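Chemist: Single-letter residue listing:
4 protein chains.
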Amino acid sequence: MTDLTLAKSLKIITAALAKGKELDLKPLSVVVLDAGGHPKAFQRQDGASMMRFEIASGKAYGALAVGAGSRWLNAQAETRPHFLEGLSAVSGGKIVAVPGGVLVRDRKSAIIGAVGITGDSSDNDEICAITGIEAAGLTADGG
Amino acid sequence: MTDLTLAKSLKIITAALAKGKELDLKPLSVVVLDAGGHPKAFQRQDGASMMRFEIASGKAYGALAVGAGSRWLNAQAETRPHFLEGLSAVSGGKIVAVPGGVLVRDRKSAIIGAVGITGDSSDNDEICAITGIEAAGLTADGG
Amino acid sequence: MTDLTLAKSLKIITAALAKGKELDLKPLSVVVLDAGGHPKAFQRQDGASMMRFEIASGKAYGALAVGAGSRWLNAQAETRPHFLEGLSAVSGGKIVAVPGGVLVRDRKSAIIGAVGITGDSSDNDEICAITGIEAAGLTADGG
Amino acid sequence: MTDLTLAKSLKIITAALAKGKELDLKPLSVVVLDAGGHPKAFQRQDGASMMRFEIASGKAYGALAVGAGSRWLNAQAETRPHFLEGLSAVSGGKIVAVPGGVLVRDRKSAIIGAVGITGDSSDNDEICAITGIEAAGLTADGG
Numbered sequence: 001m002t003d004l005t006l007a008k009s010l011k012i013i014t015a016a017l018a019k020g021k022e023l024d025l026k027p028l029s030v031v032v033l034d035a036g037g038h039p040k041a042f043q044r045q046d047g048a049s050m051m052r053f054e055i056a057s058g059k060a061y062g063a064l065a066v067g068a069g070s071r072w073l074n075a076q077a078e079t080r081p082h083f084l085e086g087l088s089a090v091s092g093g094k095i096v097a098v099p100g101g102v103l104v105r106d107r108k109s110a111i112i113g114a115v116g117i118t119g120d121s122s123d124n125d126e127i128c129a130i131t132g133i134e135a136a137g138l139t140a141d142g143g
Numbered sequence: 001m002t003d004l005t006l007a008k009s010l011k012i013i014t015a016a017l018a019k020g021k022e023l024d025l026k027p028l029s030v031v032v033l034d035a036g037g038h039p040k041a042f043q044r045q046d047g048a049s050m051m052r053f054e055i056a057s058g059k060a061y062g063a064l065a066v067g068a069g070s071r072w073l074n075a076q077a078e079t080r081p082h083f084l085e086g087l088s089a090v091s092g093g094k095i096v097a098v099p100g101g102v103l104v105r106d107r108k109s110a111i112i113g114a115v116g117i118t119g120d121s122s123d124n125d126e127i128c129a130i131t132g133i134e135a136a137g138l139t140a141d142g143g
Numbered sequence: 001m002t003d004l005t006l007a008k009s010l011k012i013i014t015a016a017l018a019k020g021k022e023l024d025l026k027p028l029s030v031v032v033l034d035a036g037g038h039p040k041a042f043q044r045q046d047g048a049s050m051m052r053f054e055i056a057s058g059k060a061y062g063a064l065a066v067g068a069g070s071r072w073l074n075a076q077a078e079t080r081p082h083f084l085e086g087l088s089a090v091s092g093g094k095i096v097a098v099p100g101g102v103l104v105r106d107r108k109s110a111i112i113g114a115v116g117i118t119g120d121s122s123d124n125d126e127i128c129a130i131t132g133i134e135a136a137g138l139t140a141d142g143g
Numbered sequence: 001m002t003d004l005t006l007a008k009s010l011k012i013i014t015a016a017l018a019k020g021k022e023l024d025l026k027p028l029s030v031v032v033l034d035a036g037g038h039p040k041a042f043q044r045q046d047g048a049s050m051m052r053f054e055i056a057s058g059k060a061y062g063a064l065a066v067g068a069g070s071r072w073l074n075a076q077a078e079t080r081p082h083f084l085e086g087l088s089a090v091s092g093g094k095i096v097a098v099p100g101g102v103l104v105r106d107r108k109s110a111i112i113g114a115v116g117i118t119g120d121s122s123d124n125d126e127i128c129a130i131t132g133i134e135a136a137g138l139t140a141d142g143g
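Chains as they are written, first to last, in UniProt numbering: chain W, 1 to 143; chain H, 1 to 143; chain V, 1 to 143; chain Y, 1 to 143.
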């Protein structure tokens, strides 16, 4: 398994924030979690609201929890809301099931971490996460 | 950033309660939180029920969490209930997503705190919060 | 039982803060809880640190929990620390067992609420709580 | 009050990690919290163990909670362990009361955030935090 180093994590964040600037998005917050769901790096842009670490982490944690980007979790809300409720409960309340939590895969497709972004629309958040992951030479999986 | 002083917080509460009296509302409870979500001042009128501090704080905390008045959160309940559920979970159960949590902005539009009111209808609660904030010379943002 | 009204609660806070000013204490935070442990009123002076609502409430809640001012709880720490630990646990983590949580009694000695103060030394916090309660014509019981 | 921007937060982290390298310390984790206790930025060096975000945040959060660097909290353990236990409980388990949580003050001595570092000895963690804060032109207060 490739390691998701701090250097790569910072490259992901820098590229994601550059994409947000290019698209003229609202202030973003970006977290990188390792494969075990533990934070490697985080940045919250000036003007972003108070609870953005928790929201960004909730998207990324949810993706790692089920091995699918949080877009997949979001789709579950239509058909199986009780699954999401149970998942949130057994996670100890750590999951936010909307797009913007993107798995990071290495060349052999192994999950080596996840990126969570919040601040603009969920779709735009996800675009920035994918851009950041690919800028670091890794594979993004939005779900 | 302008500071939300105790003196201004008390002015907000006094004006909000006066508005409630003018409109002949039920007993109100009013909290003022600073920009970080920590209480500056609180008053619960006689006859108000037991858990009003938590409800008032939950409205104001939710507004600060996402940088939008709690009326915006309330609207999410129609389209994305699973987002609210996730938000509540990652906040540690600190959010009440109905109108009556109003952001306090300074002249440069920076968020310097939030007011939460509960006791009458959510719409009336919000009216009193807005009245209180404006009476203190600040800008109210209901969402 | 006499009711601990909002008017009396505010009188307690005002007198307590005046005492703090007279003694030239650090910024204080004062909470008044009703007999059920639920907040009636709270004020945090400018310059007081972030978590003062929780600390002030923890002192007052502890006093109500055992029917003795929090000075009594503080004394237990010497002889029975495991009692305090158990008490904290069964309260759901709501108790701070140092002086400054003072019971409010009516003329018949019934407990009608508690005042919690934090910001200066625990002894000075307690002096201000007692001063505030007596200024409202009620009886203070520091433990 | 001066804002603790993301740019300044990153400058603090970079300088703190450079100090760690200069002193040949173990892998460090550094968090910067704003004045309300919410994360602005975080970095965990490669080789650092799993729960370092929580430990670093616990030091910084404790400092903000009481308005004193976490070295002060650490000293309370000798004289008033039951105070620390109560403080931890009412914080919801968010405080780690050992050195390495350092307040960030602006020119007027207002608290604008806190830095928490973990990974080496608590004393060395604190040295890196102070170095980082001063490199950003701000004032460090270790407690």
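Derived by calculation from the structure, the hints in this document are not laboratory data. This structure is a prediction, so every number in the text was calculated from the model and none was measured. We treat Cβ as the ideally placed atom computed from N, Cα and C, and that holds for glycine. Please note: incorrect hints may appear among the correct ones.
Said to hold, decoys possible - Some chain Y residues judged to face chain W by a derived CB distance under 10 Å, without partners named:
id, residue
1, Ala7
2, Ser9
3, Leu10
4, Val31
5, Ala41
6, Gln43
7, Ala48
8, Phe53
9, Trp72
10, Arg107
11, Gly137
Chemist: Does each hint hold? Answer for all of them.
Modeler: Comparing the hints with the structure gives:
1. Ala7: Nearest chain W Cβ about 8 Å off; hint holds.
2. Ser9: 8 Å, holds
3. Leu10: 7 Å, holds
4. Val31: Since chain W brings a Cβ to about 8 Å from Val31 of chain Y, closer than 10 Å, the hint holds.
5. Ala41: 5 Å, holds
6. Gln43: 5 Å, holds
7. Ala48: 9 Å, holds
8. Phe53: Hint holds; Phe53 of chain Y Cβ to chain W Cβ min 4 Å, cut 10 Å.
9. Trp72: 26 Å, violated
10. Arg107: 19 Å, violated
11. Gly137: 17 Å, violated
When each numbered hint is compared with the structure, violations occur for hints 9, 10, 11.
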